Structure formats: structure tokens, C-alpha cells
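So the chains spell out like this:
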Amino acid sequence: MADEKHHIIPHKTLLMVLGVLIVLTLLSVAITQIELARWSGAAALLLAGIKSTLVLLIFMHLKYDMRIFKVMVGLIIALVVVVMVVTMLDYFFR
Amino acid sequence: MSAHAHRDDIGSKLGMWLFIFTELLLFGGLFITYAVYRYMHPEAFHLASQELDVPIGTINTIILLISSATIAMSITAIQQHKKKLTLVLIAATILLAAVFLVNKYFEWGAKIEHGIFPGSAYLDQLGYGDVLFFGLYFFMTGLHAFHIVIGMVLLGFIFYYVKTDRLKPDNFQLLENGGLYWHLVDLIWIFLFPLFYLIA
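Heads up: the sequence lines are chains A and B, in that order.
All residue numbers for the first sequence refer to the working numbering, where the first residue is 2 and numbers rise by one.
All residue numbers for the second sequence refer to the working numbering, where the first residue is 2 and numbers rise by one.
If we strip away everything but chain A, and leave its shape as in the complex, we get:
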């Protein structure tokens, strides 16, 4: 295990990810400033989802980590989503 080679992410990759993250941020600001879209809020959240996936996979190194880390993170996110959906269903059908 000690011999396991540690994956090194090149600076270029990290800077490219940063560029994409900034573009997505500006994009989410732009779409919510246009008043026409009633789905702009949902779009902003979708973009936030894409951004957080990038941060988790590249910055937080999950893409290159052991499988157990990916599985655990996936389960925790699923747990939060399930609790959120169940809570909202409760309020919608009250």
C-alpha cells in the first residue's frame, strides 16, 4: 500500500477546471439576470450541480481515488437528496 503511486494532477488540468468553473459561474449569473426564463432558477442549480461535480472529481481528487471514497460520497449525496425529496413531497401534498 505504501508503494501505491500517488496520482499527481498537472497544474494545467487544474487551471483548465478553474476556467470552466468560472465560465459556469458567469453563465449562471447571466441566465438568472434575463427575466424571461421561469426555468432560470432550475438552470442555475443544475450549473451548481455540474460545478460541484467538477470540484469533487478533480479538485478533491475523487476521480483518481480508491473506489470506496467514490461510493461513500455518492451514498451521502443520495441520502441528502432523498431526505430533501421526501420532505418536499410532504409539503406539496399537505
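Among the hints, a few may not be true.
[What the hints assert, rightly or not] The calculated lysine-lysine pairs, modelled on BS3-like cross-linking and capped at a C-alpha distance of 25 Å, are:
| # | chain 1 | residue 1 | chain 2 | residue 2 |
| --- | --- | --- | --- | --- |
| 1 | B | K112 | B | K14 |
| 2 | A | K71 | B | K14 |
| 3 | B | K83 | A | K13 |
[Claimed, not checked] Not the full set, but computed from the structure, chain B residues with beta-carbon under 8 Å of chain A:
| # | residue |
| --- | --- |
| 4 | L26 |
| 5 | A36 |
| 6 | I60 |
| 7 | I63 |
| 8 | I67 |
| 9 | Q81 |
| 10 | N178 |
| 11 | L181 |
| 12 | L188 |
| 13 | F192 |
No wet-lab data here; the hints were simulated from the structure.
Keep in mind the model is a prediction, meaning the values are calculated, not measured.
Positions of the beta carbon are idealized from the N, C-alpha and C atoms, including for glycine.
Once you've looked at the hints, dock chain B against the given chain A.
Chain B in isolation, oriented as in the chain A frame:
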């Protein structure tokens, strides 16, 4: 020291992730609270959200994203035996965190000057929806800012350890864990920003 020091990098990282999960559940609960109150007071949340300063929010988002990239780059740098660059990148991260907090100070200051703060007479006049929106705004961004302060202290220690060679190219798990914590702070802000500033 003759004895071989015990070290378990994977266990250390696992422990850090378990801590991060508790943080995700903490903020997850707050996001659910936000979702419920927003559902119950859609108009008030819509109008109150317009009070927030989108340019400052956007700038702070970009500052945090850059700081996330710099700390990730420092982990690459230490593995490439570039100690000086590692130190510069950690220092840059701490500096960007400080800039974020300064912006936050002016942002909160402007709100408080307008009489918008939890328990203020002005806010009470506006009704439940506004009280809830700004209550959540101050609590969630405040808790997030508190995490920034803790992150700065943590990265400060890590900077010192790298400088004094306690963290080295073959032993840098603490830097990686500090990085994970810092990305978590960024991750939370990625959702706070659209929910409070953009969805108006």
C-alpha cells in the same frame, strides 16, 4: 528516532472524508430548511433575494474558486518537490480567503446599515417571509464564513509545517486533508450563491 513512525495516509484521508460527510449533512439540513420556507413564502423570498448584491456575490464566488484551485495546485507542487511554490500557493489561498471575508464584511455591513439584521425592527415590519429569508441568509453565510476562518487557521498551520519540513514530498497527507476541507467550503458556497443571490 529509531522506531519506524506509524503512518496511515488512507486512514487519515478516510477520517477527513467522514468529517466532511458530517458537514455535508449539517449544511444539507439547512438547505432543506431553506427549501421548505421558500416553498411557504415564495413571494417574500423572491423580493428579499433582490436586496442581495449580485456583483459582490459573483466576485466572492470567483475568489473562492480561485482559492480552491491554488490549494489543489499546492498539492501538485509539493509532490513535484517544489517547496517554494507550495508555500506561495498555500499563502495565496489564505490571502484569497481574507479577501473573501473583507467582501463579506462590507456586504453584511451594508445590510445592517439598512436595518436588515436578525431581530431588527425594520425586518419585523416586513413579515415572516423576509424574517426567514434574512435569518437563513445571515445564519448560513455566517456559518460558512466561520468555516472560512477555521480553514485559514488550518492552512496557516499547514504553511508552517511545510516551511519547517514537517510536511514533505513523501509525507503530505495533512496538506491533502486541509485541501479537502477547503474544497468543502468552496462546495457549500457553490450552492449558497445561486440559492440566495440568483434565484430572485
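Against the structure, the hints come out as follows:
1. For the hint linking K112 (chain B) to K14 (chain B), the alpha-carbon distance of about 40 Å lies beyond 25 Å, and the restraint is violated.
2. Restraint check for K71 (chain A) and K14 (chain B): satisfied, since their Cα atoms lie roughly 13 Å apart, inside the 25 Å limit.
3. The straight-line distance between the Cα atoms of K83 (chain B) and K13 (chain A) is roughly 16 Å, inside the 25 Å bound, and the hint therefore holds.
4. The interface hint given for L26 (chain B) is met, as the beta carbon of that residue sits about 7 Å from the closest beta carbon of chain A, less than 8 Å.
5. Hint status for A36 (chain B): holds, given a least beta-carbon distance of 6 Å to chain A, under 8 Å.
6. For I60 (chain B), the interface hint is violated, since its Cβ never comes within 8 Å of a Cβ in chain A; the closest pair sits about 10 Å apart.
7. With 8 Å as the threshold, the beta carbon of I63 (chain B) comes within range of chain A, its nearest partner Cβ sitting at about 6 Å, so the hint holds.
8. Below 8 Å, beta-carbon pairs count as interface contacts, and I67 (chain B) has one with chain A at about 7 Å; its hint therefore holds.
9. Because the beta carbon of Q81 (chain B) sits about 7 Å from the nearest beta carbon in chain A, less than 8 Å, this interface hint is met.
10. For N178 (chain B), the interface hint is violated, since its Cβ never comes within 8 Å of a Cβ in chain A; the closest pair sits about 11 Å apart.
11. Hint status for L181 (chain B) relative to chain A: holds, with the closest Cβ pair at about 6 Å, below 8 Å.
12. Taking 8 Å as the C-beta cut-off, the interface hint given for L188 (chain B) holds, the closest approach to chain A being about 5 Å.
13. Because the beta carbon of F192 (chain B) sits about 5 Å from the nearest beta carbon in chain A, less than 8 Å, this interface hint is met.
The structure fails hints 1, 6 and 10 (numbered hints given earlier, in ascending order).
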